[in-house]
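Please arrange chain B on chain A, whose structure you already have, making use of the hints.
One line per chain: the protein sequences are A and B, in this order. Heads up: the first sequence at position 127 corresponds to 127 in the working numbering, and the numbers run straight through without jumps. Heads up: the second sequence at position 195 corresponds to 195 in the working numbering, and the numbers run straight through without jumps.
Keep in mind that the hints were calculated from the coordinates and are not lab data. Each residue gets a CB set at the ideal place from its N, CA and C atoms; glycine is no exception. Where hints are given, some of them may not hold.
Only part of the chain B face toward chain A is listed, based on derived beta-carbon distances under 7 Å [said to hold, decoys possible]:
id	residue
1	Arg206
2	Arg208
3	Ser218
4	Asn219
5	Tyr225
6	Ser226
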Amino acid sequence: MSLLSFREVAKTYGVVPVLKGIDLAIEPGEVLALVGENGAGKSTLMRIAAGLADASAGTMLLDGAAAPATLQAAERAGIVMVHQEFCLAPHLTVAENVFLGREITRGLFTDRKAMETKARGLLAELGSAAPVRARLRDLPVSDWQMIELAKAFARQPKLILMDEPTAVLSATEAGNLFARIRAFRESGGSVIFTSHRLDEVKAIADRVAVLRDGQIVRVEATSDISEDEMAEAMVGRPLAEIYPPRRGMAKRKVLLSVAGLAAPGSVDDVSLDIREGEVLGISGLVGSGRTELFEALLGLRPAKCRSFVLRGEERKLPEAREAWALKLAYLTEDRKGKGLLLGKSLDQNVALTKGAITGSSWIDRRAERRDLETAVERYDIRTGRLDVTAGALSGGNQQKVLIAKTLGVEPDLIVFDEPTRGVDIGAKQQIYEIIAQLAAAGKAIVVISSEMQEIVGLSDRVLVMRRGRIAGELSGEAISENDIIRFAMGLEETSPQEEAPH
Amino acid sequence: MTDMTATTAGVAAASPGRSLVRLLEAAGPLLALILLMLIGTVTSDSFLGAENLSNVFTRSAIIGIIAVGATFVITAGGLDLSVGSLSALVAGMTIMFMNSAAATLGDGWLLVIAGIAFSLAIGAFAGFINGFMIVKGRVEAFIVTLGAMGIFRSVITWLADGGSISLDFSLRDTARPIYYGQVFGIAVPIIVLAVIAVVGELTLRRMRFGRHVAAIGSNRHVAFYSAIPVSRVRILTYVIQGLCVAIATVIYVPRLGAATPSTGLMWELEAIAAVIIGGTALSGGFGRIWGTIVGVLILGFISNILNLTGFISPYLNGAFQGAIIIIAVLLQRDRSQG
Chain A
1 MSLLSFREVA
11 KTYGVVPVLK
21 GIDLAIEPGE
31 VLALVGENGA
41 GKSTLMRIAA
51 GLADASAGTM
61 LLDGAAAPAT
71 LQAAERAGIV
81 MVHQEFCLAP
91 HLTVAENVFL
101 GREITRGLFT
111 DRKAMETKAR
121 GLLAELGSAA
131 PVRARLRDLP
141 VSDWQMIELA
151 KAFARQPKLI
161 LMDEPTAVLS
171 ATEAGNLFAR
181 IRAFRESGGS
191 VIFTSHRLDE
201 VKAIADRVAV
211 LRDGQIVRVE
221 ATSDISEDEM
231 AEAMVGRPLA
241 EIYPPRRGMA
251 KRKVLLSVAG
261 LAAPGSVDDV
271 SLDIREGEVL
281 GISGLVGSGR
291 TELFEALLGL
301 RPAKCRSFVL
311 RGEERKLPEA
321 REAWALKLAY
331 LTEDRKGKGL
341 LLGKSLDQNV
351 ALTKGAITGS
361 SWIDRRAERR
371 DLETAVERYD
381 IRTGRLDVTA
391 GALSGGNQQK
401 VLIAKTLGVE
411 PDLIVFDEPT
421 RGVDIGAKQQ
431 IYEIIAQLAA
441 AGKAIVVISS
451 EMQEIVGLSD
461 RVLVMRRGRI
471 AGELSGEAIS
481 ENDIIRFAMG
491 LEETSPQEEA
501 PH
Chain B
1 MTDMTATTAG
11 VAAASPGRSL
21 VRLLEAAGPL
31 LALILLMLIG
41 TVTSDSFLGA
51 ENLSNVFTRS
61 AIIGIIAVGA
71 TFVITAGGLD
81 LSVGSLSALV
91 AGMTIMFMNS
101 AAATLGDGWL
111 LVIAGIAFSL
121 AIGAFAGFIN
131 GFMIVKGRVE
141 AFIVTLGAMG
151 IFRSVITWLA
161 DGGSISLDFS
171 LRDTARPIYY
181 GQVFGIAVPI
191 IVLAVIAVVG
201 ELTLRRMRFG
211 RHVAAIGSNR
221 HVAFYSAIPV
231 SRVRILTYVI
241 QGLCVAIATV
251 IYVPRLGAAT
261 PSTGLMWELE
271 AIAAVIIGGT
281 ALSGGFGRIW
291 GTIVGVLILG
301 FISNILNLTG
311 FISPYLNGAF
321 QGAIIIIAVL
331 LQRDRSQG
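With the rest of the complex left out, here is chain B:
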C-alpha cells in the first residue's frame, strides 16, 4: 500500500504550488545572501567598498575550499570532523619541511612547489586513512573523524611543543604571494576557490563520479546492487576532502607564517555549516557546490557586518551562525533524499 502513498506524493509534486515551493527551496540560500548584502549596504557605508568585499571573499576562501571537499563527503552520506585539526597538522608539517628543505632547494619557487606537493600528499594520505577506516573498517564516520580530530590536534601541539611552528623569515617573502598576490586585480585565494568550486560543481553534476557520490548517499545498498564501486567512491570523497584541506592550508600558511595548536580550530563546524546552509542534505544523496559557496559567503558576511556596524557585539557572531544553521535545516526538513 505504500506504493499508493508514493503515487499521491508524486501527483502533489507535479502541481504548480509545489513547484513554487521547490523554486524557493532551490534558490533559498541565494535569496538569503542577497538579503544579507542589502542589510550590510544599508547599515554600513564601507560595506560595498571593493576593499571590504575583497577582504570577506579572501577570508572566506579558506573555509570555502574546505567546504567544497565537505560537500562531496556529506553528499555521499559521510562526515569529516577532522578537517580543522588536519589543517593545523598540514600547516605545521609543511612549515617544518620547508624550513629544513630550504638548505637544499633554496628559497625560491622550487621550494614553494615542493612545499605544496608535500602538503597535498599529507592531506590526501590523511583523507585516505580516514576513508579506509570508515569504509573497510566499518566504523562510523563520526567516530573515526572525531578520533582523527583529536590525534591530529595533539600531534601538532606536540610538534610545536605547545607553542608555534614558524616559517623562517627568509622564506616568508617567497610564500607571501600565495595569499596576498593578485591576478588581474583579483586576490589569489579567490581565484583558487573559484576554480575549485567550478571543477567541484562540474564533477558533482556532470560526471559519473558525482552521480555515484549522490547515489551512494541516497541509498548505499541500491548503489552496491547497481554495480557502483561503493567502497572506492566513498574512500575517494575523503581523499578529496583531505586534498581540499591541504590546498586551503597552503593558502593560509603565508597569511600568518606560522602554525599553532589553535590553527584551524572549529573550521570543521564552519565548513559543515556552510554545506548545510547551501542546501546539501545532511543525510546525503543530494549536494550542490554553488550552494556551499553561498553558505560560506553567508557566514562570512554575517561576521563582517557585525564587525562593521557595532549594533550587536561581534561576540554574538557564533549565535547568529548557529541560528542560521538551524533555520536552514528546518527549511529542508521536509525534503526527502535527492
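Next up, chain A with everything else stripped away, as it sits in the complex:
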C-alpha cells in the first residue's frame, strides 16, 4: 500500500487554479522528485501534503486513511516539511533549534545536555560539524540548511518533504545530504523533494513527477528519463523555441570597463567589460557573489575598485543615485522586497525611479497615467483595471511592471537579476523577447540567472562566478551548460583576463 497518495487533488486560489486533478502516490522507502517551472505548483502540492494548505477538491490518503489536514496533525502522523525559506530562530542555539517545539525535558526544565548530544549526532549523520552551542545568527546559511534538515530527521518521520534542499549547499554538502537520504530510504523512510537541478534528480530520486501549469504531465522512473526529456516535459515544447534567435557576433563597443572591483565578504578582485548590444550572462552557484558583484558596481553596496571607465572616461565608483543618473540600471531579483511597492498603485510604481531621477517637484498625475498606459501596451501587462495595486498582479505581470519601471529612465546598461523568477512560461518568453530587443537596440545587457538554460539560451558571452571571483568566461558557440557547471564547481580554473579579447 502507498504511504501517501493524492487522488484528483485540485487547488484554486480565488478563481485561479494552481493544481488540477493531481494523481500521485509515494511508496514507503521511495525518493520522489517533483520538477517543474516556477509556478508549476510544486510548492503548493508539498504544502498540501504537509497540512499547511487545504486542497480545494480531491482526497489525500495516508496509509489508506484520510490524511491529516493540519500541520500539527501531519507532524504527529510522521510527515515533516523542510521549507525553502528557513523556519529557524536566529537567536537560539543550534541544539535549541533542532529540538524547537520538541524539547527534551527532565522534570520542569529542558535537558540541554541531552539535546546537544543528540543534535550533534543528527548533524554528524548529515556530515555537518556545526557547533551545537553556537547561536544560529553566527552561522552561514549552508549550516542553516543542515540544521533545518537535522530538525526534520530529529522528528523521526516517515515522510520528509524537502523544498529545494540543495539550493544553498555546496557540492560536498549536497553529497552528504544525498548519503543521508539514501540511509533514510534504507530504513524505510520516504522523501519527496523539489529541485531545479535535474542532475541531482537523476542522481538521488527513484521516480520523478513533472508538473506543468498545475498538472502532472509525466511520471517516470528516473532511470527511464533523461535530463533533457525532463526539461522538455517541464516547458512543454522543445527548449530552443522559447529563446529569441541569436544575433550576429559583431564587434561591439565597450560601454563600461571595471578593474579590481571588490566588495568586502562577497566580491574579490573582479575585472570585466560590458559591451553595447551584447547580452552578458552571469552564472554561478547561489552565494557565488553574482548579485553582490553588480550591486557593488552600481553603488548599491560598499565597494572599491582600481578603475571604472564608463563610455571611455575614467571616474570613481558611482553611488546608487549617481548610477541611475549615469543611465546604469539594476533590476532586482527580489521583486517583492526591493522592486515594487506592492500596496501602491501601478502608475506610482512605474513612475517611481523615473520620478526620483528626472521628475520635477510637482507630480504630474496625468503624465504618470499616460506612462502606465504606454507600459501596459508595450510590455503586455495583463491587468483588468489600471487602478489596482501592484500586489494584485500575478508574478509575471509584476515583473513586467518592474521592467517598465526600470526602463522608464531609459538606461544604457540594464542588469537583469533573475528576470524570470516566479514567472510563468508565457511571460518568460515575453521577457526574453524584451531583453533581445533591448540588445538589438544597442543597450548593454547583463542577465544574472540561476537557470542554466536561460543563461545558455540568452547570452552572447557568459561569465561564471565562484566564491566572489570570475572563474571562467565562455562566448558564442562555446557556451555550454557543461562548461558553466565545471567553472561554477571549481573543476576548471582559467584566468578570464587572459581569455577576454580586447
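Okay, now just chain B, sitting in the frame of chain A:
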C-alpha cells in the same frame, strides 16, 4: 504561489462591496467627528456657540501643528517621541533669548521676529540631530527620540532650575497677538494651522517629496533600489517635525508667557494619537494630513464636551481618548500598507 494569493486579493478589492468598505474607511474619521459634534450639540447649549468652537479650534491648533509634522515622520515609517519635551526646551530657550536680546533689539516686532527665527533654528536643529542619529547612526527611532525626550526635558528643568522661565512683562504685550490676535475675525493660531495643513497636504500628496516619504514608509528597500534619496528624505521628515514643534511653541509661548518643566507634557502622545485616528498607517507607507487635523479635532471635542456637560468626569478624558485610539487602529488593522 503567493502570486496567486495576491491575484485573489486584487479581484476581491475590485468588487463593489469592498469599495463601500474602502469609502467608509476613507471617510471614517470625518464621520466620527460629525457624530461627536452632534452629541455635543444635543448635550450642551453652548457647544455650537462661536466662542466655544473658536476656543476648541485655537487650543487644538498647537497639537495640530505638531501632528502635521508627526504625519510626515510616521508616514515615512518613523516615530518621534521627543516633540513635547522639545516644545518645552524651545519655549524656555526662546524666552531666555528674547529676555536678553530685548536690550539690543528693543521690545518691538524686530524682537518677536528674531525670537521666531531663533526657535525655528532650535527646532530644525533638534529634528536634524534626531534624524541623523536614526538614519546615519542606525538606531531605532523609538530609542533615539525616547532618549531625546529625556534629555530635552531635563535640560529645560535644569535651565529653569526646577521652576519656570518667564517672558519679561514688558515683552508680553508685543508677543500677545501671536496667540490672541485675530485676522478677519479668525484667531491667528487657527490661520497658522490651516496654512500649515494645506501646505502639508499638498506636499504629501502632490509633491515628489511626499511621494518619496510614502514610498520609504511603504518599503525602504524598494525606495532605495528605486533611486530615492532615502537617508535625506528620512532626515528631512524629522527636521519638518522639529520646525512644526517650533512653530507650535511660538504660538504657545504668548498664551502663558512662561516655560516650565511641565510644558508640553504628553503632547507627543496626543500628536501621535491624532495622526493614527486620522487614518495614517502607524507602520508607515500611507499618510493624510486632513485626517490628522480631523483626529486633533476629535481629541479636542471629546475633552470639550466632557468639560461642558459634566455627565462624565473630565478626569476620564484620557480614558476616552485612549479608547478612541485603540478603536481607530482596530479599524485599520486589515489594511495593508498604502
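Status of the hints after comparison with the structure:
no., hint, result
1, Arg206, "holds (6 Å)"
2, Arg208, "holds (5 Å)"
3, Ser218, "holds (5 Å)"
4, Asn219, "holds (6 Å)"
5, Tyr225, "holds (4 Å)"
6, Ser226, "holds (4 Å)"
In the structure shown, no violation is registered for any of the earlier numbered hints.
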